[in-house]
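Novice: Here is what each chain is made of, one letter per residue.
There are 2 protein chains.
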Amino acid sequence: MSRWRKLGVIAGGGELPVVLAEHLAQTGEPYFVARISPMASAALDAHPGASRGLGLMGARMQDMREAGCDAVVLIGQVARPDIATLEFDDAARAMLPALLAAMPKGDDALLRAVLAEHERAGFRVIGVEEAMADVLASAGAWGAVSPTSAQLKDIAKAAKVAAMSGAFDIGQGVVVCDGLVLAVEAQEGTDGMLRRVAELPQPVRGTPDKRRGVLVKRPKPIQERRIDLPTIGVRTIETAGAAGLAGVAVEAGGALAVRRDAIVAAANAAGMFVYGFTPSEVDEA
Amino acid sequence: MSRWRKLGVIAGGGELPVVLAEHLAQTGEPYFVARISPMASAALDAHPGASRGLGLMGARMQDMREAGCDAVVLIGQVARPDIATLEFDDAARAMLPALLAAMPKGDDALLRAVLAEHERAGFRVIGVEEAMADVLASAGAWGAVSPTSAQLKDIAKAAKVAAMSGAFDIGQGVVVCDGLVLAVEAQEGTDGMLRRVAELPQPVRGTPDKRRGVLVKRPKPIQERRIDLPTIGVRTIETAGAAGLAGVAVEAGGALAVRRDAIVAAANAAGMFVYGFTPSEVDEA
Numbered sequence: 001m002s003r004w005r006k007l008g009v010i011a012g013g014g015e016l017p018v019v020l021a022e023h024l025a026q027t028g029e030p031y032f033v034a035r036i037s038p039m040a041s042a043a044l045d046a047h048p049g050a051s052r053g054l055g056l057m058g059a060r061m062q063d064m065r066e067a068g069c070d071a072v073v074l075i076g077q078v079a080r081p082d083i084a085t086l087e088f089d090d091a092a093r094a095m096l097p098a099l100l101a102a103m104p105k106g107d108d109a110l111l112r113a114v115l116a117e118h119e120r121a122g123f124r125v126i127g128v129e130e131a132m133a134d135v136l137a138s139a140g141a142w143g144a145v146s147p148t149s150a151q152l153k154d155i156a157k158a159a160k161v162a163a164m165s166g167a168f169d170i171g172q173g174v175v176v177c178d179g180l181v182l183a184v185e186a187q188e189g190t191d192g193m194l195r196r197v198a199e200l201p202q203p204v205r206g207t208p209d210k211r212r213g214v215l216v217k218r219p220k221p222i223q224e225r226r227i228d229l230p231t232i233g234v235r236t237i238e239t240a241g242a243a244g245l246a247g248v249a250v251e252a253g254g255a256l257a258v259r260r261d262a263i264v265a266a267a268n269a270a271g272m273f274v275y276g277f278t279p280s281e282v283d284e285a
Numbered sequence: 001m002s003r004w005r006k007l008g009v010i011a012g013g014g015e016l017p018v019v020l021a022e023h024l025a026q027t028g029e030p031y032f033v034a035r036i037s038p039m040a041s042a043a044l045d046a047h048p049g050a051s052r053g054l055g056l057m058g059a060r061m062q063d064m065r066e067a068g069c070d071a072v073v074l075i076g077q078v079a080r081p082d083i084a085t086l087e088f089d090d091a092a093r094a095m096l097p098a099l100l101a102a103m104p105k106g107d108d109a110l111l112r113a114v115l116a117e118h119e120r121a122g123f124r125v126i127g128v129e130e131a132m133a134d135v136l137a138s139a140g141a142w143g144a145v146s147p148t149s150a151q152l153k154d155i156a157k158a159a160k161v162a163a164m165s166g167a168f169d170i171g172q173g174v175v176v177c178d179g180l181v182l183a184v185e186a187q188e189g190t191d192g193m194l195r196r197v198a199e200l201p202q203p204v205r206g207t208p209d210k211r212r213g214v215l216v217k218r219p220k221p222i223q224e225r226r227i228d229l230p231t232i233g234v235r236t237i238e239t240a241g242a243a244g245l246a247g248v249a250v251e252a253g254g255a256l257a258v259r260r261d262a263i264v265a266a267a268n269a270a271g272m273f274v275y276g277f278t279p280s281e282v283d284e285a
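Chains as they are written, first to last, in my numbering: chain X, 1 to 285; chain Z, 1 to 285.
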């Protein structure tokens, strides 16, 4: 398929949209940042674009159309809104029945419905890795530390549990330590899950002095891979490190790395591994 | 099978061992409380028995043998110990290889190994409901409030997720609100899970003023049902109530109720349901 003419970056919270906008600016590709307020980072204000509330979907699409965008990418964090207090425009109100029907089915169902509305409006929807190839997780050890065979077993177990949790559209993250499942991520998010691992009784977990256990993030088997791929960044390494984990593993080709160089530097400094596993490596283990 | 002569109550933490001891004292049945220190409640000191640390398994079995116990029940909460700092006697050291081999496989595997050691030592191991029949969860609504058909759907979804989570020996509790899985219990325990539900953003959960969502506890499909059946008590209702949940549901015949009258009174006062579902009711939903 031919490449798009101009890319609309529909930006939620977090650093990933900023990294993408900087990449597009550096490579000189035409782009427009449709910032979702108030969650989009203020660092995006320096890029061509406009701000709209989450519910002003018609106005946001019109902004992008007028800017000449023919493709869009949906990235960054967006918390589930309180429908009762959100401001909608007419176009968004027309989309509401489809979105409300999807909401109770889980995050993936809701995001698929949002994506379908953008396609219905005539935009091609791409995954962020089409615009920035090296953001996609690679296979093997990324830094100086490699997982041991015992840690690879924990990775395989966590990856299996994550696949099962994802099949129910529950979440993407799991922590396993010496074979024991310490935590399963649902609506609290990865950081919330890691903070509670740090509060578990010492016998079942590691410490920064004696690291044990692994965080695995993996896309849901049912997942629409153009949106909401699991993402790790420097903060993931820091929070996992504070929880005493020995490392972080993601599915190669199925997760995004925000500022990979900084991730590797943080992991090396903490003596932690960052590892990209292949599905066959864990599903057959 | 004929009934036992004298029952050894191996008591961990929480109120359930106290309720059982009081029941046995009232009915005049012979019993002996083998208190696991330091977790066993001080209220048990008033009953015939002795205190031993978790690792003194040989001495504890000897206590019960000398007291004339031919059957034992293992009840109450026992956190995973730090093997490195636990004190063991010779008999316990002989059991260690089997227990250590089971530890990484999950809580159920570990408890099965503990149970097997008691059977090997000549004790019959019974479930608490054999000694106190009305502790087992009954089917249907327990109090004044019944779940709505929408809430029954949340119960069915949570029960399915709990079965899947239990199949991996992860945990017994799940919270679902309007179809969305808010939390899955692992090593943090039910109270820890409910506290984090209370901290989730408002749009996805209920409040004490406008209750939404349900806590489901269910035995693991693989579970040895003589030990570690899911348990609810007044505190479960209070913590679920503080998290804004509309009610609590357990598998009829597959969960224990500590002081059922007090549970029902607390639920009625909070306008919450307590419901016992049958497996066919949720697995076919």
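Among the clues, some could well be false.
Subject to a maximum C-alpha distance of 30 Å in a straight line, what follows is the list of computed DSSO-like cross-link-like pairs (lysine-lysine) [as the list claims (entries may be wrong)]:
#  : chain 1 : residue 1 : chain 2 : residue 2
1  : X       : 153       : Z       : 210
2  : X       : 210       : Z       : 160
3  : Z       : 210       : Z       : 153
4  : X       : 105       : Z       : 153
5  : X       : 153       : X       : 210
6  : Z       : 6         : X       : 105
7  : X       : 210       : Z       : 210
8  : X       : 160       : X       : 210
9  : X       : 105       : Z       : 210
10 : X       : 160       : Z       : 160
11 : X       : 160       : X       : 105
12 : Z       : 153       : X       : 153
13 : Z       : 105       : Z       : 160
14 : X       : 160       : Z       : 210
15 : Z       : 160       : Z       : 210
Have a look at the derived ranges for each label pair, beta carbon to beta carbon [to be verified]:
#  : chain 1 : residue 1 : chain 2 : residue 2 : range
16 : Z       : 278       : X       : 94        : 56 to 66 Å
17 : Z       : 167       : X       : 280       : 19 to 29 Å
18 : Z       : 139       : X       : 146       : 29 to 39 Å
19 : Z       : 261       : X       : 94        : 47 to 57 Å
20 : Z       : 278       : X       : 209       : 45 to 55 Å
21 : X       : 27        : Z       : 210       : 22 to 32 Å
22 : Z       : 199       : X       : 105       : 16 to 26 Å
23 : Z       : 50        : X       : 268       : 51 to 61 Å
Derived from the structure by calculation, the hints contain no laboratory data. All C-beta atoms, glycine included, are put in the ideal place defined by N, C-alpha and C.
Novice: If a hint holds in the structure, say so; if it doesn't, say that too.
Specialist: We went through each hint and held it up to the structure:
no.	hint	verdict
1	153/X <-> 210/Z	violated (44 Å)
2	210/X <-> 160/Z	violated (37 Å)
3	210/Z <-> 153/Z	holds (18 Å)
4	105/X <-> 153/Z	holds (12 Å)
5	153/X <-> 210/X	holds (18 Å)
6	6/Z <-> 105/X	violated (52 Å)
7	210/X <-> 210/Z	violated (45 Å)
8	160/X <-> 210/X	holds (25 Å)
9	105/X <-> 210/Z	holds (21 Å)
10	160/X <-> 160/Z	holds (18 Å)
11	160/X <-> 105/X	holds (22 Å)
12	153/Z <-> 153/X	violated (36 Å)
13	105/Z <-> 160/Z	holds (22 Å)
14	160/X <-> 210/Z	violated (37 Å)
15	160/Z <-> 210/Z	holds (25 Å)
16	278/Z <-> 94/X: 56 to 66 Å	violated (43 Å)
17	167/Z <-> 280/X: 19 to 29 Å	holds (23 Å)
18	139/Z <-> 146/X: 29 to 39 Å	violated (53 Å)
19	261/Z <-> 94/X: 47 to 57 Å	holds (53 Å)
20	278/Z <-> 209/X: 45 to 55 Å	holds (49 Å)
21	27/X <-> 210/Z: 22 to 32 Å	violated (50 Å)
22	199/Z <-> 105/X: 16 to 26 Å	holds (24 Å)
23	50/Z <-> 268/X: 51 to 61 Å	holds (53 Å)
Checked against the numbered hints above, the structure violates hints 1, 2, 6, 7, 12, 14, 16, 18 and 21; every other hint is satisfied.
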